[in-house]
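Asks: Can you make the complete structure from the sequences, with help from the hints?
Heads up: the sequence lines are chains B and V, in that order.
Quick note on the working numbering: the first sequence kicks off at 1 and runs consecutively.
Quick note on the working numbering: the second sequence kicks off at 752 and runs consecutively.
Since the hints were made in silico from the structure, they are not lab data.
There could be a bad hint or two in this list.
[To be verified] Computed from the model, here is a short list of chain B residues facing chain V with C-beta under 7 Å:
no.: 1; residue: 32
no.: 2; residue: 210
no.: 3; residue: 260
no.: 4; residue: 642
no.: 5; residue: 646
no.: 6; residue: 649
no.: 7; residue: 650
no.: 8; residue: 684
no.: 9; residue: 686
no.: 10; residue: 688
no.: 11; residue: 690
no.: 12; residue: 691
Predicted, not measured: the structure shown is a model, and the values here were computed from it.
Every residue gets a Cβ at the ideal spot worked out from N, C-alpha and C, and that includes glycine.
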Amino acid sequence: MAEKKDYKVVGTRPIRHDGVDKVTGRALYGADFYAVGLLHGRVLRSPHAHARIKSIDTSRAEAHPGVRAVVTAKDFPDVEDKIADLGEGAANVKDLQDNVLAGDKVLYKGHQVAAVAAIDPHTAEEALELIDVEYEVLPPVISVLDAMKEDAPLLHENMRTDEMGEKSENPSNIASHFQHKQGDLEKGFAEADVVVEREYTTETVHQGYIEPHNATALYNPDGHLTIWCSTQGAFAVREQVAEILELPVSKIKVVPMEIGGGFGGKINVYIKPIAAMLSMKTGKPVKVLMSRADVFEGTGPTPGSYVRVKMGATNDGHITAAEAYLAFEAGAYAGSPVGAAAFCVFSPYKVENGQVDGYDVVVNKPKTAAYRAPGATNAAFAAETVIDEICEKIGMDPLEFRILNSAKEGDIRVDGPPAPRVGFVETVEAAKDHPHYSAPLEGENRGRGVASGYWPNFGMKSSVVINVTADGTISLVEGSTDIGGTRAAIAMQAAEVLGIPAESVTPTVADTDSVGYTAVTGGSRTAFATGYAAYEAAQDVKQQMIERAAKLWEVDTDAVQFADGVFSTVNGKEEEIDFKGLAARLDETGGPVVGRGTADPNQPGPSIGVHVVDVEVDPETGKIDILRYTATQDAGKAVHPSYVEGQIQGGAVQGIGWALNEEYIYNEKGEMTNASFLDYRIPTCLDLPMIDAVIVEVPNPGHPYGVRGVGETPIIAPPAAIANAVYRAVGVRMKELPMSPGRVLKTLGKI
Amino acid sequence: MPRKVHVQTTINGETVEYLCEPRQSLLEVLRDVLHLTGAKEGCNNGNCGACSVILDGRLVNSCLVLGAELEGKSLETIEGLADPDQLDPIQDAFLENAALQCGICTPGFIMAAKALLDNNPNPTEYEIRYWLAGNLCRCTGYDKIVRAVQDAAQTTS
Chain B
1 MAEKKDYKVV
11 GTRPIRHDGV
21 DKVTGRALYG
31 ADFYAVGLLH
41 GRVLRSPHAH
51 ARIKSIDTSR
61 AEAHPGVRAV
71 VTAKDFPDVE
81 DKIADLGEGA
91 ANVKDLQDNV
101 LAGDKVLYKG
111 HQVAAVAAID
121 PHTAEEALEL
131 IDVEYEVLPP
141 VISVLDAMKE
151 DAPLLHENMR
161 TDEMGEKSEN
171 PSNIASHFQH
181 KQGDLEKGFA
191 EADVVVEREY
201 TTETVHQGYI
211 EPHNATALYN
221 PDGHLTIWCS
231 TQGAFAVREQ
241 VAEILELPVS
251 KIKVVPMEIG
261 GGFGGKINVY
271 IKPIAAMLSM
281 KTGKPVKVLM
291 SRADVFEGTG
301 PTPGSYVRVK
311 MGATNDGHIT
321 AAEAYLAFEA
331 GAYAGSPVGA
341 AAFCVFSPYK
351 VENGQVDGYD
361 VVVNKPKTAA
371 YRAPGATNAA
381 FAAETVIDEI
391 CEKIGMDPLE
401 FRILNSAKEG
411 DIRVDGPPAP
421 RVGFVETVEA
431 AKDHPHYSAP
441 LEGENRGRGV
451 ASGYWPNFGM
461 KSSVVINVTA
471 DGTISLVEGS
481 TDIGGTRAAI
491 AMQAAEVLGI
501 PAESVTPTVA
511 DTDSVGYTAV
521 TGGSRTAFAT
531 GYAAYEAAQD
541 VKQQMIERAA
551 KLWEVDTDAV
561 QFADGVFSTV
571 NGKEEEIDFK
581 GLAARLDETG
591 GPVVGRGTAD
601 PNQPGPSIGV
611 HVVDVEVDPE
621 TGKIDILRYT
631 ATQDAGKAVH
641 PSYVEGQIQG
651 GAVQGIGWAL
661 NEEYIYNEKG
671 EMTNASFLDY
681 RIPTCLDLPM
691 IDAVIVEVPN
701 PGHPYGVRGV
711 GETPIIAPPA
721 AIANAVYRAV
731 GVRMKELPMS
741 PGRVLKTLGK
751 I
Chain V
752 MPRKVHVQTT
762 INGETVEYLC
772 EPRQSLLEVL
782 RDVLHLTGAK
792 EGCNNGNCGA
802 CSVILDGRLV
812 NSCLVLGAEL
822 EGKSLETIEG
832 LADPDQLDPI
842 QDAFLENAAL
852 QCGICTPGFI
862 MAAKALLDNN
872 PNPTEYEIRY
882 WLAGNLCRCT
892 GYDKIVRAVQ
902 DAAQTTS
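Replies: As structure tokens, then:
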């Protein structure tokens with residue numbers, strides 16, 4: 001339904017509604033919450049990567065002055081071993097509970113074991129030292145390929161492999177194996193003039209949001225539980241806590257505070273059920289905060305992986321066959337993003353003969369969580385560098401190759417469904433036409449690389465309510481926590497419908513008792529789907545306002561038009577009134593106007609990006625410097641271009657960090673040895689140039705303004721683009737992430 | 752529990768008195784004792800800069816200063832930057848340049864930018880990047896933050 005057109009509000013750059021609160025330090029994030037009588041909770045974590053818990057004695061901690069309660073897994077209700085639908089994907093409730101507080105075994109260093117509530121944080125920390133846990137230490141298994149071996153230590157003695165629908169006989173760390181197949185792989189490779197097959201590994205990396213997890217809970221004797229927290233999804237917290245503690249969802253109110261970054265990592269609950277249990281025991285509000293080390297060691301990162309890609313092409317640049325083998329670390333419990341990786345690995349391209357195998361494997365690392373286009377970056381690092389090698393062998397420009405092989409709308413993908421409309425060719429052309437791509441790159445050890453990234457985006461459910469205010473503004477109540485300016489992007493879509501300025505909308509992110517069900521801020525869905533719900537709510541308001549104008553003028557509603565923010569009629573009498581004027585007259589035409597909108601859109605419209613990077617490699621130290629960076633991306637329609645650019649720039653920089661130096665470094669005992677921002681080094685501004693974000697707009701037919709989600713796609717291309725640039729700079733193909741100085745020197749044969 | 756220390760100090764131009772434990776950091780005192788929650792805890796070991804404040808004219812991580820050390824000193828925090836009817840030019844520049852996404856690092860960046868511009872009103876891009884390298888942002892890729900500080904320098908100089 002959407003065509004490329006100009007809008008009055010959509011596409012402009014107003015100041016975000018929550019901006020002043022956020023630049024003055026007044027915005028209240030989860031850790032800023034305070035309540036009278038507040039107790040402070042802290043969590044004891046496993047020092048071992050893999051161990052059986054023989055006993056836990058909490059008596060010394062309980063006797064410590066100032067301690068008010070201690071909880072362990074024994075305080076949990078016995079939940080069923082069942083799969084619960086949690087809005088964005090399903091999860092095994094027993095695993096969820098076991099991850100929150102370990103039962104029989106600890107499965108990674110940092111696994112939560114017990115928790116204390118005390119009168120202040122330091123007293124709680126002292127009490128943790130007084131909890132006596134007896135462990136039987138077991139051998140850990142840390143990497144995916146080791147965990148897949150038959151004689152590997154088993155994390156879950158009862159786990160059987162789901163082998164394409166059949167359960168295996170023997171226990172295994174491989175939770176599942178699936179396969180997508182299309183065409184005739186053998187025939188495809190036989191038709192190829194060039195075949196490239198390469199193996200890649202990537203290490204565990206973390207979202208690295210600056211705000212640690214937090215939760216304050218208050219349980220009332222009437223059975224009502226309130227949780228104030230930073231989360232990507234208040235309703236997702238409500239559902240998880242309800243399942244883990246066996247409480248009815250209607251008794252739980254989750255109040256989403258401002259959130260300091262998430263990137264997928266603030267969907268799963270860790271300390272929220274613990275805060276609730278401590279409040280149940282004490283009758284007081286209990287605030288639990290994580291430290292930075294807790295965040296690294298105890299919350300879901302994105303998986304390390306082993307990926308093998310084989311691709312064949314003709315000398316004139318047509319892909320004839322493609323095959324991928326994806327083995328992903330799930331962490332301690334089943335459920336890695338290998339499915340999404342399989343979906344994305346060849347998605348930009350038309351692949352008539354293809355096969356993708358995916359393996360979900362448990363290892364003694366924290367249970368993985370979503371991280372910005374989960375799985376896609378691992379897969380693209382492999383596929384997009386194999387393509388670069390093919391282009392080199394057949395002597396074709398890598399962007400030309402992408403245009404030639406781009407999937408067209410309706411092409412059947414290897415994993416089954418037809419490809420939807422996405423502006424891949426337009427995005428590649430934007431990169432090709434950008435001055436960066438044709439700029440000379442001089443100097444030794446410098447090279448330019450390109451790569452593309454594809455993400456399908458998600459729709460899911462959202463609810464919005466709009467109240468019309470007598471001064472001609474509207475209040476907009478929504479359920480999507482605002483991590484990057486989505487209050488503005490959602491408000492602007494309502495303003496567009498009603499012909500009012502963005503500043504005339506007051507958006508509020510409401511708690512779970514005060515707004516309809518809304519899925520997580522994730523899957524690049526918020527500006528798209530909650531924006532869609534806002535559009536629907538505004539349409540509802542518009543219709544009701546038309547009825548009010550008709551009443552005012554004593555004409556039929558059919559006789560009232562609405563355009564450019566003005567209601568008018570020419571039916572017998574010429575009248576007009578703008579939105580503000582009519583809002584002032586609601587009292588005399590029937591009272592308040594409340595509009596409602598819900599959305600569950602099924603055409604989120606994928607987003608695709610093409611990145612161009614210039615690097616310089618220092619052959620003495622192995623350090624890679626980013627000299628210039630350009631990222632093009634199809635945004636469908638950029639609602640607030642500044643924040644779309646911000647998503648592209650921020651995503652690209654996370655991808656750069658992943659490419660260059662981010663990794664969990666483990667010792668032989670399976671302990672993460674770099675759980676701080678000093679040793680797990682995310683990019684600083686000194687590591688980077690400006691990031692040139694180029695917005696391409698090919699409207700998404702599944703949204704009234706053509707919006708596509710933009711948040712996740714930009715992280716996908718950087719590692720492959722940088723690896724391809726490194727090859728042109730110093731002549732070696734990097735096949736491991738991160739491309740840290742040590743790995744570069746090793747690949748160069750210098751160490 | 753250790754005996755609390757009495758501290759008299761100046762915060763954002765006003766005399767403030769508080770009691771704190773000797774082990775409490777300035778960040779804990781600001782947040783838990785004085786309820787000035789604009790300084791954020793991102794790491795609690797000086798790596799992220801989210802708790803940046805200006806102490807006697809010097810940019811510091813408040814997580815690395817003890818609350819008891821504030822006796823007789825003068826502290827500026829994000830809460831003291833704006834006038835009642837007007838934001839500081841740095842705050843305006845952050846808003847106009849969309850230099851924040853989640854906003855958790857923003858108070859720290861703004862205090863760091865203020866300390867920079869107080870000392871060097873016309874910094875180069877490199878000087879801005881060098882000065883702000885102690886503040887981590889995971890959302891923006893820094894592009895718009897650097898531009899905001901460039902803009903603020905134009906406005907204030």
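Asks: Hints the structure violates: just list their numbers, smallest first.
Replies: As far as the earlier hints go, not one is violated by this structure.
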